[in-house]
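Peer 1: Residue numbers (my numbering), protein chains in the order written: chain A, 1 to 394; chain B, 1 to 296.
Hints should not be assumed to be uniformly reliable.
Stated by the list, open to error - Simulated coverage check for chain B against chain A, where a stretch passes if three residues somewhere in it have a Cβ under 8 Å from a Cβ of chain A:
| hint | region |
| --- | --- |
| 1 | 38-49 |
| 2 | 81-95 |
| 3 | 135-144 |
| 4 | 178-189 |
| 5 | 213-219 |
Unchecked claim - FRET-style restraints, in silico, Cβ to Cβ:
| hint | chain 1 | residue 1 | chain 2 | residue 2 | range |
| --- | --- | --- | --- | --- | --- |
| 6 | B | G291 | A | F74 | 41 to 47 Å |
| 7 | A | K88 | B | L105 | 21 to 27 Å |
| 8 | B | I229 | A | P361 | 40 to 46 Å |
| 9 | B | A94 | A | V133 | 56 to 62 Å |
The set of hints was computed from the structure by calculation and includes no laboratory data.
Even glycine gets a Cβ: it sits at the ideal position worked out from N, Cα and C.
Take a look at the letters that make up each chain.
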Amino acid sequence: MHRKSIVTFMALAGLVLAGLAQAAEPVRIGFSLSKTGMFANATPSQLNVYELWKEQVNAAGGLDVAGERRPIEFVSYDDQSNTGNAVKIYEKLITDDKVDLLLAPWGTPFHFAVAAVLERHKFPMIGNSAASVQLREIKPGYIWFPTSAIPDKIAEEMGKLLSSRGVKTVAVTNLQLPFSLEIKQFLMPVLERAGIKVVVDEAYPPGIKDMTAILIKVKNAKPDAVLSLSYPPDSVLYMMTARELGIDAPFQFVLIGPTIDFFAKMFGPAADGIVTVGHWSPHQKAWPKAKPFFDAYVAKFNTRPDYLDSALAYMSVEILEQAVAKAGLDKEKLRRVIASTTFDTINGPVRFDGVQNATTPTMFLQLQAGEAQIVWPPDQATAEIMRKPAWPAQ
Amino acid sequence: MDSLLSGQLLVATLVVGALYALVALGLNLIYGTMRLLNIAHGDLVMLGAYVSYWGFSLASVSPLVSMFVAMALSALLGMAIYVVLVRRALHSTALVARIEANSLLIFFGVSVILQNTAALLFTANPRAYAYLDQVIRIGDAAISANRLVVLVVALVVCVAAILYLRLSMTGLAIRALIQERDAARLAGIEPERIHLLSFALGFAMAALAGSLISMIQQVSPFMGFPFTIAAFVIIILGGLGNLMGSLIGGFLLAAIETYGVALTSASFRSILIYGVFIAVLVWRPQGLFGGARVAR
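All chains should be modelled from the sequences, with the hints used to inform the complete structure.
Peer 2: Next comes the structure, spelled out in structure tokens:
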């Protein structure tokens with residue numbers, strides 16, 4: 001008698017629990033990011049966006065999966081800045097953890113490495129922080145790239161921008177790493193066709209600790225424009241040394257760095273007038289979701305989002321969210337929806353043509369009064385481009 | 001060509017050289033006295049940088065003040081690591097023979113722990129602040145005030161350290177231990193005290209370098225490794241255990257980087273540095289100022 005009632009009780013309890021679990025089964029979303037290793041200081045701007053999005057979606061009642069609301073749960077790993085690890089992790093996420101959806105890792109080489117895994121398992125994933133002309137060689141199918149900062153387009157638009165500013169001579173310094181090398185490769189013929197003379201052309205290896213000798217050459221050449229195709233460590237060197245030497249070219253471009261929060265904190269008003277790559281600004285009134293995203297990020301993390309990486313990461317999760325609302329979790333349905341819908345993001349409308357973003361043009365940003373403004377092309381601009389002012393006096 | 005003689009290149013060389021020398025000196029002190037390969041050295045630089053960053057961001061404390069805090073904390077950490085991890089290995093005769101190899105593993109572990117603790121506590125977001133960034137003119141050269149401070153402080157500390165080792169009793173004891181460990185014991189020098197002091201000094205110098213560096217570059221948990229590499233290149237170039245060698249080696253490397261690039265082109269920067277390094281080792285395997293070493 002006693003034993004029977006215990007068994008009955010447990011059976012009832014089991015049914016109730018099962019019923020509860022059914023009601024709120026989470027959507028498991030997997031990804032890997034470089035939390036340690038040499039890329040670790042670049043990934044927080046992306047991880048933060050993923051966390052912010054999860055918080056926002058769960059606070060609103062959960063992810064809309066074709067009508068049903070379910071909470072989001074992350075399954076994430078550290079790939080230790082190693083692309084081989086990322087491949088293994090995504091294999092594990094798909095076959096072992098059996099996640100429902102995937103988010104992208106950070107960086108171009110990681111996107112390329114993971115693309116093969118996605119293709120093999122027919123699992124769609126929206127990329128974000130990847131930019132290379134080789135993107136076009138990926139067979140369209142299970143990965144998409146929302147960025148418009150692709151090297152050959154950047155070079156082409158830079159040529160137009162420089163010509164519109166009446167630039168006749170330019171000094172180019174570049175770091176010997178993939179993104180900057182690719183841009184340089186396309187930039188040289190563009191400049192030649194535009195009739196712009198390259199008066200200094202200096203390439204340097206990673207790990208450089210001092211740019212004085214290089215920038216003395218630049219200063220002596222008195223160019224109309226200086227293009228520093230640099231990554232954050234040498235972007236910092238460029239800024240410090242250019243200021244010391246008093247390089248007063250009216251157009252100064254720094255490739256990677258100005259969109260990251262520490263840059264504004266480190267250089268303050270000295271960074272005003274610096275031009276950089278990017279296609280998002282919170283000041284674009286045509287994109288009503290842009291400023292709220294910026295404010296939410298600042299409120300949660302007490303630091304500003306990266307105008308390039310963070311914006312792209314948020315665009316990728318917006319696209320995923322909208323696609324899942326339409327197609328649910330079925331992989332083939334999702335793939336068709338992503339490939340054919342125009343999505344509404346913080347960067348305006350995004351539609352994919354093959355793997356690439358066909359709607360967002362390649363743009364340039366300029367730091368003005370500490371804020372990133374879009375200054376090119378003119379029809380997308382949030383502010384007019386300005387001459388680089390003189391470096392702040394003592 | 002006249003830019004080659006300019007004060008600007010000289011100033012750049014001095015700043016980078018003084019920083020290199022400061023980092024290398026701390027490493028050499030620990031290696032010289034105890035044959036320990038502290039590959040966590042760069043991570044101590046990172047810790048010093050964070051102390052100054054947080055001091056400035058949270059409490060507007062100048063790095064010139066927080067650097068003393070950084071040095072003290074780092075010295076304490078050094079002594080703690082010595083007492084907990086290293087002392088046992090140095091006492092056991094079996095382990096002491098393999099101390100160099102074992103120290104690689106021990107300090108690799110320390111490095112990983114330091115880096116990942118920093119990443120967990122502070123996130124891997126790169127950090128920076130603006131301090132003393134006005135440009136000062138000295139003759140025909142211009143230098144940011146913060147780089148001038150880095151140069152002056154690093155140089156003063158390096159020179160003070162070398163003078164201390166030349167002139168004070170404890171300093172002489174340290175040099176005796178570096179030169180001839182077993183005989184120093186016979187002469188009545190207590191190795192235990194010297195080891196503790198070397199660790200404290202070496203770690204403190206690394207943290208000081210970090211505080212200075214936080215003024216002129218971004219701070220992040222994994223920033224230390226390049227400094228470790230540079231420090232090792234310099235101490236091997238200058239001679240293991242020879243502290244003056246580290247000072248000269250640091251400036252030599254900086255000069256190669258600055259003038260070498262000015263004479264050739266920026267793409268030769270790494271080739272020049274490592275080329276000279278290899279050439280020196282081929283000509284003098286013990287380093288520029290290293291004495292001939294009997295294998296132990």
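Peer 1: Determine for every hint whether it applies to the structure shown.
Peer 2: Hint check results:
Check result for the region 38-49 of chain B against chain A: violated, 0 residues qualifying (beta carbon to beta carbon below 8 Å, three or more required). Against chain A, the region 81-95 of chain B contributes 0 residues with a C-beta closer than 8 Å to a partner C-beta. That does not satisfy the three-residue criterion, and the hint is violated. A stretch counts as covered by a chain when three or more of its residues have a beta carbon under 8 Å from one of that chain; for the region 135-144 of chain B and chain A the count is 5, and the coverage holds. Counting residues of the region 178-189 of chain B whose CB lies closer than 8 Å to any CB of chain A gives 0, so the stated coverage by that chain is violated, three being the minimum.
Given as covered by chain A, the region 213-219 of chain B passes the check, having 3 residues with a CB less than 8 Å from a CB of that chain where 3 are the minimum. For the pair G291/B and F74/A, the beta carbons lie near 58 Å from each other, so the given range of 41 to 47 Å is not met. Between K88/A and L105/B the beta carbons are some 26 Å apart, a value that agrees with the proposed interval 21 to 27 Å. Judged by the Cβ atoms, the range 40 to 46 Å given for I229/B and P361/A holds: they are separated by roughly 42 Å.
Here the CB-CB span from A94/B to V133/A is close to 59 Å, well matched to the stated 56 to 62 Å.
In summary, the numbered hints that this structure violates are 1, 2, 4, 6.
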